Amino acid sequence: MLLEKYIIDNHLITPFFWKVCVYSLLIFNWLLNYYGRSTFLEKDKEMTIIEHFLKGM
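According to our numbering, the sequence shown is numbered sequentially starting from 1.
It is worth saying that the hints were derived from the structure and are not from the lab. Among the hints, erroneous ones may be present.
Said to hold, decoys possible - What follows is a set of in silico ranges between Cβ atoms, one per label pair, in the way DEER data are often shown:
no.: 1; residue 1: 55; residue 2: 14; range: 30 to 38 Å
no.: 2; residue 1: 55; residue 2: 27; range: 14 to 22 Å
no.: 3; residue 1: 21; residue 2: 51; range: 14 to 22 Å
no.: 4; residue 1: 54; residue 2: 23; range: 18 to 26 Å
no.: 5; residue 1: 55; residue 2: 15; range: 30 to 38 Å
Predicted, not measured: the structure shown is a model, and the values here were computed from it. Glycine included, each C-beta is placed from N, C-alpha and C at the ideal position.
Whole structure, please, built from the sequences with the hints as guidance.
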């Protein structure tokens, strides 16, 4: 993709990029909890974000 080539060529993969990734995961986690699809606090129903993502596919 053109955008990927641009990012790689211009070294835009910076700490800011990783912060965006982390915040995206946190928001995704919060949305799962907010809509009741996930109850991370219950030990018997503990699932990771990735397991929920795969289950939803």
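Here's how the hints hold up against the structure:
no. : hint                  : in the structure
1   : 55 <-> 14: 30 to 38 Å : 33 Å, holds
2   : 55 <-> 27: 14 to 22 Å : 19 Å, holds
3   : 21 <-> 51: 14 to 22 Å : 19 Å, holds
4   : 54 <-> 23: 18 to 26 Å : 22 Å, holds
5   : 55 <-> 15: 30 to 38 Å : 32 Å, holds
The structure is consistent with each of the numbered hints, conforming to all of them.
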